[in-house]
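Novice: Using the sequences and the hints, build the whole thing.
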Amino acid sequence: MDNLSEDIQCDGSDTRPPMLDRTDFASWQQRIRLYCRGKENGANILKSIDEGTYQMGTVREPLAEGTEGAPHLGPERPRVYSDLSPEEKDRYNADIRATNILLQGLPKDIYTLINHYTDAKDI
1 MDNLSEDIQC DGSDTRPPML DRTDFASWQQ RIRLYCRGKE NGANILKSID
51 EGTYQMGTVR EPLAEGTEGA PHLGPERPRV YSDLSPEEKD RYNADIRATN
101 ILLQGLPKDI YTLINHYTDA KDI
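Its first residue numbered 1, the sequence shown is counted upward by one per residue in full-length UniProt numbering.
FYI, nobody ran anything at the bench for these hints, they're computed from the structure. Some hints could be false.
[Stated by the list, open to error] BS3-like mimics (lysine-lysine), calculated; alpha carbons at most 30 Å apart, straight line:
#: 1; residue 1: K121; residue 2: K47
#: 2; residue 1: K47; residue 2: K108
#: 3; residue 1: K121; residue 2: K39
#: 4; residue 1: K39; residue 2: K108
#: 5; residue 1: K39; residue 2: K89
#: 6; residue 1: K108; residue 2: K121
Specialist: This is the structure we're talking about:
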């Protein structure tokens, strides 16, 4: 029965990502990518892993309209979640999901070595 439990843990399931087998990283990498692809917003989850976190950037809001219809812009400020479009929110949410998936697929001893990383690409 222990072998069945270990096999399920290594292979993962629809609700749990595959666990890293230290002796076969290439296979785990392939299985974790397939697992991510099968999740809602999977393309963005993989993009977070491959390219790093979504950068929100800055925004300058119009203060008033100028003499010739050109807006007068206020100072730059960092964008916040409410400033994002629905597509940008999907990408931002995928960053969080990607990090969670990767951390859940690691054995406890490896997790303790890298749990200070905050984005999927660094993991």
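Novice: Run every hint past the structure and note whether it holds.
Specialist: Status of each hint after checking the structure:
no. : hint        : verdict
1   : K121 x K47  : holds, 9 Å
2   : K47 x K108  : holds, 25 Å
3   : K121 x K39  : holds, 18 Å
4   : K39 x K108  : holds, 24 Å
5   : K39 x K89   : holds, 16 Å
6   : K108 x K121 : holds, 19 Å
The structure is consistent with each of the numbered hints, conforming to all of them.
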